[in-house]
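Each chain is listed here by its residues.
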Amino acid sequence: MSEPMLSVDKLEVVYQRAITALQGISLGVAPGQIVGVLGTNGAGKSTLLRAISGFHGVDDARVTEGTIRFEGRRIENGEPHRNTRAGIALVPERDKVFPNLTVAENLSVPVASSGSRADMSRRQALVFHHFPRLGDLRARTAGLLSGGERQMLAIAGALMCGPKLLLVDELSLGLAPVIVSDIMQKLVQIRRELSLTMIVVEQSAAVALAVVDYGYVLENGRVVLDGDATRLRDHPDIREFYLGQSSAGGRRSYRTVKQYRRNRRWYG
Amino acid sequence: MQLAVNIAVLASIYALIACGYVLIYRVSRVLNLAHGELMMLAAYLLLTTASSFAGHPLFAISAAIGLSILVGAMVYLFLMRKMTGEMALAAVLATVALGVLLRGITVIVWSAQQQYPATALGLVNPSIALPGGARISLCGALLVACTAVAYGSLLAFLRFGRWGVRMRAAGQSPLLAAQRGINLHAIYAIAWSLSTFTGAMAGMLIALDSGLGQTMTIIGLKAFPAALVGGLDSLAGALAGSLIVAAAEVLLIHYVDPLLSEVVPFLVLIAMLVVRPWGLFGTREELDRV
Chain A
1 MSEPMLSVDK LEVVYQRAIT ALQGISLGVA PGQIVGVLGT NGAGKSTLLR
51 AISGFHGVDD ARVTEGTIRF EGRRIENGEP HRNTRAGIAL VPERDKVFPN
101 LTVAENLSVP VASSGSRADM SRRQALVFHH FPRLGDLRAR TAGLLSGGER
151 QMLAIAGALM CGPKLLLVDE LSLGLAPVIV SDIMQKLVQI RRELSLTMIV
201 VEQSAAVALA VVDYGYVLEN GRVVLDGDAT RLRDHPDIRE FYLGQSSAGG
251 RRSYRTVKQY RRNRRWYG
Chain B
1 MQLAVNIAVL ASIYALIACG YVLIYRVSRV LNLAHGELMM LAAYLLLTTA
51 SSFAGHPLFA ISAAIGLSIL VGAMVYLFLM RKMTGEMALA AVLATVALGV
101 LLRGITVIVW SAQQQYPATA LGLVNPSIAL PGGARISLCG ALLVACTAVA
151 YGSLLAFLRF GRWGVRMRAA GQSPLLAAQR GINLHAIYAI AWSLSTFTGA
201 MAGMLIALDS GLGQTMTIIG LKAFPAALVG GLDSLAGALA GSLIVAAAEV
251 LLIHYVDPLL SEVVPFLVLI AMLVVRPWGL FGTREELDRV
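In order, the protein sequence lines correspond to chains A and B.
In case it helps, our numbering puts the first sequence at residues 1 to 268.
In case it helps, our numbering puts the second sequence at residues 1 to 290.
Isolated chain B, as found in the complex (with noise of 0.2 Å):
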């Protein structure tokens, strides 16, 4: 039952981190290899506003999702923004450089050290007794939720949405959505900020829940495996694959070693990518008509 309940948090971890990859890829189709630091960005952000408003941990969190979003959004205009109609390579080279920048930039500013934001905030993060005898810790179920949340209300934004119709035809045919009149720009500025909203969320949970270090970019390169086994441009692939992932780290460590853990999900990666490269989920690419 314990084992359930951990592969629902880690899946959820990865799931809320790998919407973020999917948004970027599905609408732009660049891969947004600095989604990891962004993230940690966020949680290193919660601790900066912890300390200015403390007392006040909801307003402290939701100032950190605030800025958050701006830095995505600001990631667009000034960098992702000239990338646009290069090839896509250019830009992922673009995303690359920036998470080497990002990660330079917490350390001096932040220091290496493994800080713990929740006692900034003065939170507490109980364990709760599940029914059948499993533990949940309080972030944990937040987790959870939040990825529940937040895959319910873009699934629906996406599929009902006039600005999410818009987003979806953006990314099938981005010269055809400008010629119907859709400014591109503000369609892919949308992505970068919602998906580092997703990021900044996961990454301030995770920092909650176990504290805060550079190792962060771990996590958000593990989801990426996460997102490849689904399928890249599809939502529900990305959940599906961080289920499989999760079930696979967590079952690996239990039964044969805790030292599985970093290399469990790119093993599932190089397996999905040998017998099915594009994913569950995922469309497979067509050439391109010369």
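Same shape as in the complex, but just chain A (with noise of 0.2 Å):
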């Protein structure tokens, strides 16, 4: 792995100064990899992504030990528009567009890292071409749309903001299967394209485990596992819990999944 673009040691998140929502989180992200970051519900996944993008006041929440670097340099508890300016943008999970605004106008928004009025304009066109459904839809109340336009829609003005690193949270949350591999395609292709860097956080491990380089699965807070897409997909607890798939191969009895709680020591 060369010199990593990201990397995040030890982190620690604190949320209202009294619950510990991330513990001793250590990962890398090396330019041009797409990094998955899988877990269940309230494992601390959308936290670390909140917390690689800057937080803001009203989330109360501070990363009160380890360090998050970014080229090198530290962001840690950085202002969140420092950190896009820097190159970070961040498809959030929910709030991702401005509800009352225009297609156009969403568009508009983005402060853009490299702030040339002509790379804003490739970058629009790179957009409508890739999603020429957010052509047709410009003069739109963003509110209006589906949820797979306004996912669209989050990673347009996510792009616009003229990334190095892309951060995309729940691509797949409450949007039907065929619409998530749609977006999921494109956003591979423009990734290609544009030589992005990314971090994808899924609770989908199917959809995550389908285009990640590199995956880490989040428990508690805590990395539980990490390894290659092959190693994490081949692996029998990811099979059993995330892929439902059981380690025999066949089919198994809803009953004896239910039986009983594997319990297993993860770390260790």
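Please note that a few of the clues may not be correct.
Sample of chain A residues lacking proximity to chain B, with all beta carbon distances greater than 10 Å (derived) [unchecked claim]: (1) G24; (2) T64; (3) R69; (4) R85; (5) A139; (6) R140; (7) E149; (8) A176; (9) V180; (10) S181; (11) Q185; (12) V188; (13) L225; (14) E240; (15) F241; (16) L243.
Covered by chain A, according to a simulated footprint, are these stretches of chain B (three or more residues, beta-carbon under 8 Å) [claimed, not checked]: (17) 163 to 174; (18) 181 to 187.
Residues of chain A placed beyond 12 Å of chain B at every Cβ, according to the derived structure [to be verified]: (19) Y15; (20) R17; (21) G28; (22) D59; (23) V97; (24) A104; (25) H130; (26) G147; (27) I183; (28) Q203; (29) A210.
Calculated directly from the structure, the hints in this document are not laboratory data.
By construction, the Cβ of each residue, glycine as well, lies at the ideal position given by its N, Cα and C atoms.
Take the two lone chains, each set in its own frame, and fit them into one complex as the hints suggest.
This is the structure:
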């Protein structure tokens, strides 16, 4: 692995000075890589992304220990707009578009890290090329878009920031599988054209493992497993808990699954 | 006819003040209850610059306007900046405290007497005859014109200006705006400066028209119902609200009792709050998703 673009070292995040959401998280992202972060609800995936993109005052969250380095500079507890201008753009899980602005206005909001007008219009052309649907809906108010269109607009908005590192939070949330795979495909294409580095956070392991180079599994705010995509795909616990296949490969009775909860020590 | 002219002038006063409330509320969800005091401060600043630059009224006025914009930006930088991310109530209370403070300061510095910046500037305020037998004072006409220009340019700025669109975005979702690279502090500082700028214009023109005293804060307070009736987050609403409140006030004064002047805006406000709490053009606040 070459020099990491982003490196997170023993990160600890505390909400409201009381609730520890992440503990001792370390991960590295090399330029051009797609890194996946998997985990169940409340595992701390979104918190990790938010910590990288920067917390806002009302979040009442802080990085209390550890460091986040982006291209060698420390950015933990940085303001979101600074991190964005440094080249980190986030596609949030919720509130991902400005509902009362039109699609075109939504795309004119971002302050690009490389501020030239020509660069902005080039990006806009790229966005409309890959998401022609947004071009048709230019004058539509964003609040009236469907879930898939909204997700496209959110990705487009993040791309207009001119990022080097794109963080995507729960692309698949609330969308039909066919739309998810469509958008995911577009995203991978765009990534190749712009040579973007990406971190995708997913609950749906099937979606994530199809595209990532390397993955981390989070549980209760800790990394419990990491490895490249093939290693994760073949790991018996991932197969059983995340992909819903039994280790033997055949179908299993639902009863036996519920009967006991496997008490595996993940770490150690 | 004279009634219509009076309504137009009063509505312009209210509208020019109300847009300050709307701008700040729309961008940062904070009610600036010190707006009337900031407006009065601008008028008093005009008094001071008038004595320093006697004989150059335009110069004095622009100096006072520049100073009040500076005051607005400073209020944000030194007071309200600390309040971002805190509860909205704390911020509103801070503006109340600021208002009381400013009232005290103006009394100490400029005394509580009624003063006339127009005479200090050597300006006359002739009344102009309009077709139809109505009359309007020069300052009144200027007020109407200023309000029209201010609203026109504000609406155009928010609709088409790059930073205007960003201001709207920051008002809707501050977090997402920050994640899109927008410096919220800059946006809020712009909003505060714009708001004190329009307030200062209103304050100065009223002071030139009818003199300056502590009662000016009451005019600022009376413009608040106008903003609320229209819906606090809508500029067009503030315009409509000002017309409604001004019309009600002028007509009731004319046909019922001049003493009603102070209470009419608040009667309209209460009636509005009962029927349609979010105002004519305002958006219904959604409940926060937990």
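Hints, verified against the model:
1. G24: holds (26 Å)
2. T64: Given a closest Cβ separation of 18 Å, the condition holds.
3. R69: The claim stands: R69 (chain A) keeps its Cβ more than 10 Å from every Cβ of chain B (closest is about 20 Å).
4. R85: Violated: least Cβ distance 5 Å, not greater than 10 Å.
5. A139: holds (13 Å)
6. R140: holds (16 Å)
7. E149: holds (17 Å)
8. A176: Given a closest Cβ separation of 23 Å, the condition holds.
9. V180: holds (22 Å)
10. S181: The claim stands: S181 (chain A) keeps its Cβ more than 10 Å from every Cβ of chain B (closest is about 26 Å).
11. Q185: Non-interface label stands for Q185 (chain A): nearest chain B Cβ at 25 Å, farther than 10 Å.
12. V188: The claim holds: V188 (chain A) sits with its nearest Cβ about 22 Å from chain B, beyond 10 Å.
13. L225: holds (29 Å)
14. E240: holds (33 Å)
15. F241: holds (29 Å)
16. L243: holds (31 Å)
17. 163 to 174: With 7 residues closer than 8 Å to chain A, the segment 163 to 174 of chain B meets the three-residue bar; holds.
18. 181 to 187: n = 4 at 8 Å, threshold three: holds.
19. Y15: Answer for Y15 (chain A): holds, closest chain B Cβ roughly 14 Å.
20. R17: Nearest chain B Cβ is 14 Å from R17 (chain A), so the label holds.
21. G28: holds (23 Å)
22. D59: Label violated. Min Cβ-Cβ 8 Å, cutoff 12 Å.
23. V97: violated (8 Å)
24. A104: violated (9 Å)
25. H130: The assertion about H130 (chain A) holds, with a minimum of 19 Å to chain B.
26. G147: For G147 (chain A), whose nearest Cβ neighbour in chain B is about 16 Å away, the distance exceeds 12 Å, so it holds.
27. I183: holds (19 Å)
28. Q203: Holds, since 19 Å exceeds 12 Å.
29. A210: The claim stands: A210 (chain A) keeps its Cβ more than 12 Å from every Cβ of chain B (closest is about 27 Å).
This entry does not satisfy hints 4, 22, 23 and 24, going by the numbered hints stated previously.
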